[in-house]
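**Q** First to last, the sequence lines map onto chains A and B. Be aware that the first sequence starts at 1, since it is given in our numbering, and climbs by one per residue. Be aware that the second sequence starts at 126, since it is given in our numbering, and climbs by one per residue.
It is worth saying that the hints were derived from the structure and are not from the lab. Glycine included, every Cβ here is placed at the ideal spot set by N, Cα and C. Wrong hints could be hidden among the right ones.
If you want a taste of the chain B side facing chain A, the calculated C-beta under 7 Å gives, among others [said to hold, decoys possible]: (1) Leu159; (2) Asn162; (3) Ala235; (4) Asn263; (5) Gly266; (6) Glu276; (7) Ser291; (8) Glu295; (9) Val298; (10) Gly301; (11) Gln308; (12) Ile355.
Distance ranges between label pairs, derived from CB positions [said to hold, decoys possible]: (13) Lys44(A) with Glu292(B): 25 to 33 Å; (14) Lys78(A) with Leu401(B): 36 to 44 Å; (15) Asp79(A) with Thr387(B): 52 to 60 Å; (16) Thr76(A) with Tyr224(B): 37 to 45 Å; (17) Thr387(B) with Thr76(A): 54 to 62 Å; (18) Lys78(A) with Asp309(B): 56 to 64 Å; (19) Arg26(A) with Arg190(B): 53 to 61 Å; (20) Val61(A) with Leu248(B): 57 to 65 Å.
Sample of chain B residues at the chain A side, in silico, Cβ under 8 Å [to be verified]: (21) Ala178; (22) Leu192; (23) Glu228; (24) Leu237; (25) Asp269; (26) Leu349; (27) Ser392; (28) Met396.
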Amino acid sequence: MPDTIRVLVVEDSPTMRQLICFALRRIKVLEVVEADDGVDGLKKLSSDRFDMIITDINMPVMDGLKLVSMVRNDDTYKDVPIIIITTEGAAEDRQRALSLGANAYITKPIQAPQVINCVKELLGI
Amino acid sequence: MTDSDNSNSSGKPIEGKDFLQVFKRGVQFTEELLQENERLRVRLVRLEEENRALVKNKVKYDSYRELMEQIHSLDEERSHLLERFKAVEVENRDYQERYKEIEEENNRLANLYIASYQLHSTLDLPEVVRITFEIIINLVGALDFCLYFREGNKLAPIRSEGHKRSELPEITVGKGTAGRVAQDKSLYVSGDDLTRSSVQDPKVCIPLVLEDNLFGMINIFRFLAHKPCITELDRELFNLLGQHAATALYSARLRTDIGGKTHDALSIAHMLDTQLPG
Numbered sequence: 001m002p003d004t005i006r007v008l009v010v011e012d013s014p015t016m017r018q019l020i021c022f023a024l025r026r027i028k029v030l031e032v033v034e035a036d037d038g039v040d041g042l043k044k045l046s047s048d049r050f051d052m053i054i055t056d057i058n059m060p061v062m063d064g065l066k067l068v069s070m071v072r073n074d075d076t077y078k079d080v081p082i083i084i085i086t087t088e089g090a091a092e093d094r095q096r097a098l099s100l101g102a103n104a105y106i107t108k109p110i111q112a113p114q115v116i117n118c119v120k121e122l123l124g125i
Numbered sequence: 126m127t128d129s130d131n132s133n134s135s136g137k138p139i140e141g142k143d144f145l146q147v148f149k150r151g152v153q154f155t156e157e158l159l160q161e162n163e164r165l166r167v168r169l170v171r172l173e174e175e176n177r178a179l180v181k182n183k184v185k186y187d188s189y190r191e192l193m194e195q196i197h198s199l200d201e202e203r204s205h206l207l208e209r210f211k212a213v214e215v216e217n218r219d220y221q222e223r224y225k226e227i228e229e230e231n232n233r234l235a236n237l238y239i240a241s242y243q244l245h246s247t248l249d250l251p252e253v254v255r256i257t258f259e260i261i262i263n264l265v266g267a268l269d270f271c272l273y274f275r276e277g278n279k280l281a282p283i284r285s286e287g288h289k290r291s292e293l294p295e296i297t298v299g300k301g302t303a304g305r306v307a308q309d310k311s312l313y314v315s316g317d318d319l320t321r322s323s324v325q326d327p328k329v330c331i332p333l334v335l336e337d338n339l340f341g342m343i344n345i346f347r348f349l350a351h352k353p354c355i356t357e358l359d360r361e362l363f364n365l366l367g368q369h370a371a372t373a374l375y376s377a378r379l380r381t382d383i384g385g386k387t388h389d390a391l392s393i394a395h396m397l398d399t400q401l402p403g
């Protein structure tokens, strides 16, 4: 297991970003970086290396599904685990996100243990 | 040979015949002794074998007794270990239950802390309204709701989600579900189907109260389709909004009014329309 696992959290709501980061702090090996929206997320992905991406769907400028689609077309990140955290609870929304390449789909309102378990399972820690 | 050598015990002379008899008796006696010796030797061998067999049996019996004692001791140890194991299982279950409770409590406190932190992080009214709405959408899971400010005996819609503000009527204090909540200044939570939306019959009415004065109200008309029910954490968030959102909104509104220009509900609504997206 590496010393540090870098996670990018892409979420336009500061409240949700704070809640997700609070949950991720429970996993000691994680280093969390935040992004405001899809474009900010892509910028950070191109300038740094990340081992996991957690993203909302409904964001201004670039939504989460577009972000997932672009990330999966990038050789550097085609296998990186991606978790979607969203208010969209319909089965077709989930299916669409998973077909675009997301590995997990969590609906809001979230519970910290749910996020922690999902992250640990996908990272194998 | 003297004369005394040739006489027997009574003094008579020993004849050759007598000597032969004595010799024969001696031989016979010796043979009998040898036979007896052989018999005794055989008996001795048999007795030695018997003795060895008895010693072996004694050893077997001792080993058997030792084994039985060991088994008994192991049985006792096993019973003791089983009891201990059961006690540890019970203790483990208690710890698991306790861990689960602590995790839930931790999650609850995190939600409340973050909501409170965000609400009081700014005095900019549009920003406070945005944060309030974020809390209602992301932490509570509501879909359609509206923020009202009090204007005299009415509550005017300031900002809404899921409905156009113009479609939402004013609330008269004391009239209808929301009006009665405004009068009582206490939280209202309906037991109805959460996914059914009705502006006239809100699912939740959160009075925004400061020092026992009604400042405004948040009405939730519908929740996210996948939200099964209103939880204890939701109720705590409603109470938090009723106090902390009230304080944050009131302070932000005061700040907006600084400079002598007061804003009524309609002007605030227009200001929010221009400054917030959607």
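**Q** Each hint: holds or not?
**A** Comparing the hints with the structure gives:
1. Leu159: Interface hint status for Leu159(B): violated (94 Å vs cutoff 7 Å).
2. Asn162: Violated, because the Cβ-Cβ distance from Asn162(B) to chain A comes to roughly 90 Å (cut-off 7 Å).
3. Ala235: Result: holds, 5 Å to nearest chain A Cβ.
4. Asn263: OK, holds: Asn263(B) within 7 Å of chain A, min 5 Å.
5. Gly266: holds (4 Å)
6. Glu276: violated (28 Å)
7. Ser291: Hint on Ser291(B): violated, closest Cβ of chain A at ~24 Å, above 7 Å.
8. Glu295: violated (29 Å)
9. Val298: violated (31 Å)
10. Gly301: Where the cut-off is 7 Å and the nearest Cβ of chain A is about 28 Å from Gly301(B), the hint is violated.
11. Gln308: Cβ of Gln308(B) sits 30 Å from chain A, so the hint is violated.
12. Ile355: With Cβ-Cβ at 11 Å, over 7 Å, it is violated.
13. Lys44(A) with Glu292(B): 25 to 33 Å: violated (40 Å)
14. Lys78(A) with Leu401(B): 36 to 44 Å: holds (37 Å)
15. Asp79(A) with Thr387(B): 52 to 60 Å: holds (59 Å)
16. Thr76(A) with Tyr224(B): 37 to 45 Å: holds (39 Å)
17. Thr387(B) with Thr76(A): 54 to 62 Å: Taking Cβ atoms as reference, Thr387(B) and Thr76(A) lie about 56 Å apart, which means the hint holds.
18. Lys78(A) with Asp309(B): 56 to 64 Å: holds (58 Å)
19. Arg26(A) with Arg190(B): 53 to 61 Å: Taking Cβ atoms as reference, Arg26(A) and Arg190(B) lie about 60 Å apart, which means the hint holds.
20. Val61(A) with Leu248(B): 57 to 65 Å: violated (27 Å)
21. Ala178: Since chain A brings no Cβ nearer than about 68 Å to Ala178(B), farther than 8 Å, the hint is violated.
22. Leu192: Violated. Min distance 50 Å.
23. Glu228: holds (5 Å)
24. Leu237: violated (11 Å)
25. Asp269: This hint is violated: Asp269(B) lies away from chain A, its Cβ roughly 13 Å from the closest one there, beyond 8 Å.
26. Leu349: holds (6 Å)
27. Ser392: Check failed: Cβ of Ser392(B) comes no nearer than 26 Å to chain A, outside 8 Å.
28. Met396: Nearest chain A Cβ about 20 Å off; hint violated.
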